[in-house]
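The residues making up each chain are set out below.
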Amino acid sequence: MSRERLVVIGNGMAGVRAVEEVLKADEQRYAITIIGDEPYENYNRILLSPVLAGENTIEDIILNSAEWYAENGIELIKGVAATRIDRVRREVELADGRRVAYDKLIIATGSKPFMLPVPGNDLDGVIGFRDIADVETMLEAARKYDKAVVIGGGLLGLEAANGLMKNGMDVTVVHLMETLMERQLDATAGEMLRKSLEERGMTFVMPAKTTELLGDDKGRVRAVKLEDGREIEADLVVMAAGIVPNVQLAKEAGIHCERGIVVNDYLMTFDPRIHAVGECVQHRGVCYGLVAPLYEQARVLANHLAGSGWMAYEGSVTSTKLKVTGIDLFSAGDFLGGPETEEIVMQDARGGIYKKLVLRDDRLVGAVLYGDTMDGTWYFQLIKDGTDISDIRGKLLFGQAHLGDSGHGEEAAVANLPDEAEICGCNGVCKGEIVAAIKEQGLFTLEDVRAHTKASASCGSCTGLVEALLAHTLGGDYSATPSEKPMCGCTDHTHDQVRAAIVENGLKSIAEVMRFMEWKTPNGCASCRPALNYYLLCAWPGEYVDDRASRFINERAHGNIQKDGTYSVVPRMFGGVTTPDELRAIADVAEKYNAREVKVTGGQRIDLFGITKEDLPKIWADLAKAGMVSGHAYGKALRTVKTCVGSQWCRFGTQDSTGLGIRLEQLTWGSWMPHKFKMGVSGCPRNCAEATIKDFGVVCVDSGYELHVGGNGGIKVRVTDLIAKVETEEEVLGWAGAFIQLYRETAHYLERTAPWIERKGLSWVKEQLEDEQRRKELFERFRHSQKFAQHDPWSELAEKDDPIFRPVAELA
Amino acid sequence: MTDNWVEVAKVADIPPLLARVVKTKHGDIALFHAGDGQIYALDNKCPHQGGPLSEGIVHDCRVACPLHNWVIDLKTGEATGPDEGKTRTYEVKVEDGRVFLKL
Numbered sequence: 001m002s003r004e005r006l007v008v009i010g011n012g013m014a015g016v017r018a019v020e021e022v023l024k025a026d027e028q029r030y031a032i033t034i035i036g037d038e039p040y041e042n043y044n045r046i047l048l049s050p051v052l053a054g055e056n057t058i059e060d061i062i063l064n065s066a067e068w069y070a071e072n073g074i075e076l077i078k079g080v081a082a083t084r085i086d087r088v089r090r091e092v093e094l095a096d097g098r099r100v101a102y103d104k105l106i107i108a109t110g111s112k113p114f115m116l117p118v119p120g121n122d123l124d125g126v127i128g129f130r131d132i133a134d135v136e137t138m139l140e141a142a143r144k145y146d147k148a149v150v151i152g153g154g155l156l157g158l159e160a161a162n163g164l165m166k167n168g169m170d171v172t173v174v175h176l177m178e179t180l181m182e183r184q185l186d187a188t189a190g191e192m193l194r195k196s197l198e199e200r201g202m203t204f205v206m207p208a209k210t211t212e213l214l215g216d217d218k219g220r221v222r223a224v225k226l227e228d229g230r231e232i233e234a235d236l237v238v239m240a241a242g243i244v245p246n247v248q249l250a251k252e253a254g255i256h257c258e259r260g261i262v263v264n265d266y267l268m269t270f271d272p273r274i275h276a277v278g279e280c281v282q283h284r285g286v287c288y289g290l291v292a293p294l295y296e297q298a299r300v301l302a303n304h305l306a307g308s309g310w311m312a313y314e315g316s317v318t319s320t321k322l323k324v325t326g327i328d329l330f331s332a333g334d335f336l337g338g339p340e341t342e343e344i345v346m347q348d349a350r351g352g353i354y355k356k357l358v359l360r361d362d363r364l365v366g367a368v369l370y371g372d373t374m375d376g377t378w379y380f381q382l383i384k385d386g387t388d389i390s391d392i393r394g395k396l397l398f399g400q401a402h403l404g405d406s407g408h409g410e411e412a413a414v415a416n417l418p419d420e421a422e423i424c425g426c427n428g429v430c431k432g433e434i435v436a437a438i439k440e441q442g443l444f445t446l447e448d449v450r451a452h453t454k455a456s457a458s459c460g461s462c463t464g465l466v467e468a469l470l471a472h473t474l475g476g477d478y479s480a481t482p483s484e485k486p487m488c489g490c491t492d493h494t495h496d497q498v499r500a501a502i503v504e505n506g507l508k509s510i511a512e513v514m515r516f517m518e519w520k521t522p523n524g525c526a527s528c529r530p531a532l533n534y535y536l537l538c539a540w541p542g543e544y545v546d547d548r549a550s551r552f553i554n555e556r557a558h559g560n561i562q563k564d565g566t567y568s569v570v571p572r573m574f575g576g577v578t579t580p581d582e583l584r585a586i587a588d589v590a591e592k593y594n595a596r597e598v599k600v601t602g603g604q605r606i607d608l609f610g611i612t613k614e615d616l617p618k619i620w621a622d623l624a625k626a627g628m629v630s631g632h633a634y635g636k637a638l639r640t641v642k643t644c645v646g647s648q649w650c651r652f653g654t655q656d657s658t659g660l661g662i663r664l665e666q667l668t669w670g671s672w673m674p675h676k677f678k679m680g681v682s683g684c685p686r687n688c689a690e691a692t693i694k695d696f697g698v699v700c701v702d703s704g705y706e707l708h709v710g711g712n713g714g715i716k717v718r719v720t721d722l723i724a725k726v727e728t729e730e731e732v733l734g735w736a737g738a739f740i741q742l743y744r745e746t747a748h749y750l751e752r753t754a755p756w757i758e759r760k761g762l763s764w765v766k767e768q769l770e771d772e773q774r775r776k777e778l779f780e781r782f783r784h785s786q787k788f789a790q791h792d793p794w795s796e797l798a799e800k801d802d803p804i805f806r807p808v809a810e811l812a
Numbered sequence: 001m002t003d004n005w006v007e008v009a010k011v012a013d014i015p016p017l018l019a020r021v022v023k024t025k026h027g028d029i030a031l032f033h034a035g036d037g038q039i040y041a042l043d044n045k046c047p048h049q050g051g052p053l054s055e056g057i058v059h060d061c062r063v064a065c066p067l068h069n070w071v072i073d074l075k076t077g078e079a080t081g082p083d084e085g086k087t088r089t090y091e092v093k094v095e096d097g098r099v100f101l102k103l
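Residue numbers (this note's numbering), protein chains in the order written: chain A, 1 to 812; chain U, 1 to 103.
One or more hints might be untrue.
Claimed, not checked - Dumping the calculated SDA-like pairs for lysine to any residue here, alpha-carbon to alpha-carbon at most 25 angstroms: (1) Lys86(U) to Leu811(A); (2) Lys218(A) to Glu140(A); (3) Lys86(U) to Glu447(A); (4) Lys75(U) to Phe552(A); (5) Lys800(A) to Gln49(U); (6) Lys147(A) to Asp122(A); (7) Lys10(U) to Gln441(A); (8) Lys23(U) to Glu314(A); (9) Lys800(A) to Asp13(U); (10) Lys25(U) to Glu91(U); (11) Lys485(A) to Gln441(A); (12) Lys10(U) to Arg556(A); (13) Lys800(A) to Lys25(U); (14) Lys520(A) to Gly77(U); (15) Lys485(A) to Lys218(A); (16) Lys102(U) to Arg806(A).
Because the hints were derived from the structure by calculation, they are not lab data.
Only chain A is shown next, with the shape it has when bound in the complex:
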């Protein structure tokens, strides 16, 4: 079978990324040719500034090596320009006369520097700042000459100016506008930036309009002439007054172009065989010049080229970070604001810090940060997600670190950490290793970093730190993992989309979900299968048959696997209360099955370590005889309800906290959850049961019960939020069941209540539960699902005597 021919004009970041995405979606479908006019493999154009500044070398910024093209069977025609697209014969003509036939064509010709239309713009020594050749020209000029003028005080111009200055040149920036980087900064931040660049020795002439470039008798530029008659000496002029989408080829081929090549939401041009992606594109009237949007486009395009065809590109919100070492600057979204917006501003002129947040309708729509950009990624995420910030408005300006923190809010610290600081405690990965991997191996996404370094690949609690490191290392180029990320590499659908589809379309098995949602792998992976199993279990209680092959071993074996392959066994002790008989039974099984350690857990029960898999059903049978059931200490499930002694014994106790804890545990045990779930009941505000760091905590007071949610201990402690105060135990149980069901139905698998509440917003959670009708419905759904969940898995398995716990054969 001959494959369709996919030809890409443009060997830059957008074109190659599109090819990578196509290969990911369907490796076999196309025979691929990439045509690039530069004599290099695909490199990271955004890192040209650090190359110019001498902080990186060209080898450092190559993204795809020659081997990559070879391994993927891609024909790379480099150093040859495409000169014409023949749409009738479906061929691309090259400068050397060759013709390359296509079935599908991607135009990814990028953009070119806007050369001011003034006399002298073609003199020697007048260049743009776009590619490796320009960098080489600048570096050579810096060796031979002294004076450089950069026209344009935008992002690119200032990075060029900084690089030239680092190479010893005397640099003047001529800028048309009143303030620097006016497209990314407001006047205040622009002024602060100007001051600090001036302190470094840069000279600014602004506002000023260039009218002519004057040459010497050898045809080389010697000065820039301004409208007011001033002349500024220059041996090198870098035009950085903007970029223009490179549409020439498309235009000549009769494809509809305006400022860029006009494409629809599927990145398709006027000609259905021809797509376009990247800086050359105009989508819904907008041309993008930053990398993150291009990557989003590439994904959508690949989705269509691979024949899936359901994704749409709806435009991007962009953020900017200036790559001038020592200057921290960030902006995103609508940072100028307008009549219908409000601003929160902090300005410390002497400390060199300025922060402005622009809000509309309780949502962040724009941000400018100068001097302290630690929270840039976080703000950017809030902007993109349209998160309701009314709950955190008072703390917003001070950054994520000042919020109640759920284990992924450490962005603020990451930039200041030394290289040897351990980021991933599970796999022992240090900051330096991660940064090196990102730079040397050209990693762009969280998944890349996980695969290459293992950082955040285990418990995931350092995910935020790793994302922050990516953002910090790559600057504005980090295509911040959208918070609406696909479940895993097996699908492009998000957790929420999958959950909704299960319910709306009545999907009742993992296989059905995978078929309906067009899973890319035959039977998923270790990440999506347990999630799907849970979602189905939650959606169809009593109907869905649990798929044990999609359970992690702990939940399959109903014990925690230890590093030597043995298991630990924790029987449930309701409310932490036990009896001499139970203790005797535990002591007996501990001896009988050679428990190698007996330990009291933090959740007020007893853990037996070192039990072999074969012995598990036997130990469970013995415990069942003594009336004990599984403690689910191994599961994404209700774990423990920790209690203090309460009014029955304690002289300070206001209510029967132990009794209430027992009732809560009796109501909720056996329930499967998105993640582990812990509760606590304290008999008075002294809070001896530590109820305020539990997923659901009750603090008894004289007049009733305070209900707290969303706490956790762990790496980063998060204290609960108070959601209600009630008067009776019945009400406590009602709220607890409803809260749990809300969490079960709307959290992502492996998302604890703390990040779930931060994602959905405390106000939203409150709103759902304060409505009595809704609360009752939630509680009823919880009770219904408990009918099927409250069976002790231990006694059931012990009775079944499932051979899977034993070896299938023993060879002598």
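Place chain U on chain A using the hints.
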């Protein structure tokens, strides 16, 4: 050990996408019932830190180690992705629903 085929299980003993263990003098061997319907046999030891592969989640012809999530190719015994390492594999044949290992 001389090379010979030993019957160790019936296919029906190994539920789809799960694994069973064969104990031998030289350590455990895991039998996997993979996504392609075939049975594969590997040492029950992840090349990373010796985790029991038989307890991992099987998908397609791979298993994710239960300890640190290394993904091992059941056909070759090799770690996939950027991880490097290899677990010993054994030849398997199935006749009339009976599983034989070449030892």
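Results for each hint:
no., hint, in the structure
1, Lys86(U) to Leu811(A), "holds, 24 angstroms"
2, Lys218(A) to Glu140(A), "holds, 18 angstroms"
3, Lys86(U) to Glu447(A), "holds, 23 angstroms"
4, Lys75(U) to Phe552(A), "holds, 22 angstroms"
5, Lys800(A) to Gln49(U), "violated, 33 angstroms"
6, Lys147(A) to Asp122(A), "holds, 18 angstroms"
7, Lys10(U) to Gln441(A), "violated, 46 angstroms"
8, Lys23(U) to Glu314(A), "violated, 57 angstroms"
9, Lys800(A) to Asp13(U), "holds, 15 angstroms"
10, Lys25(U) to Glu91(U), "holds, 18 angstroms"
11, Lys485(A) to Gln441(A), "holds, 23 angstroms"
12, Lys10(U) to Arg556(A), "holds, 22 angstroms"
13, Lys800(A) to Lys25(U), "violated, 29 angstroms"
14, Lys520(A) to Gly77(U), "holds, 23 angstroms"
15, Lys485(A) to Lys218(A), "violated, 57 angstroms"
16, Lys102(U) to Arg806(A), "holds, 22 angstroms"
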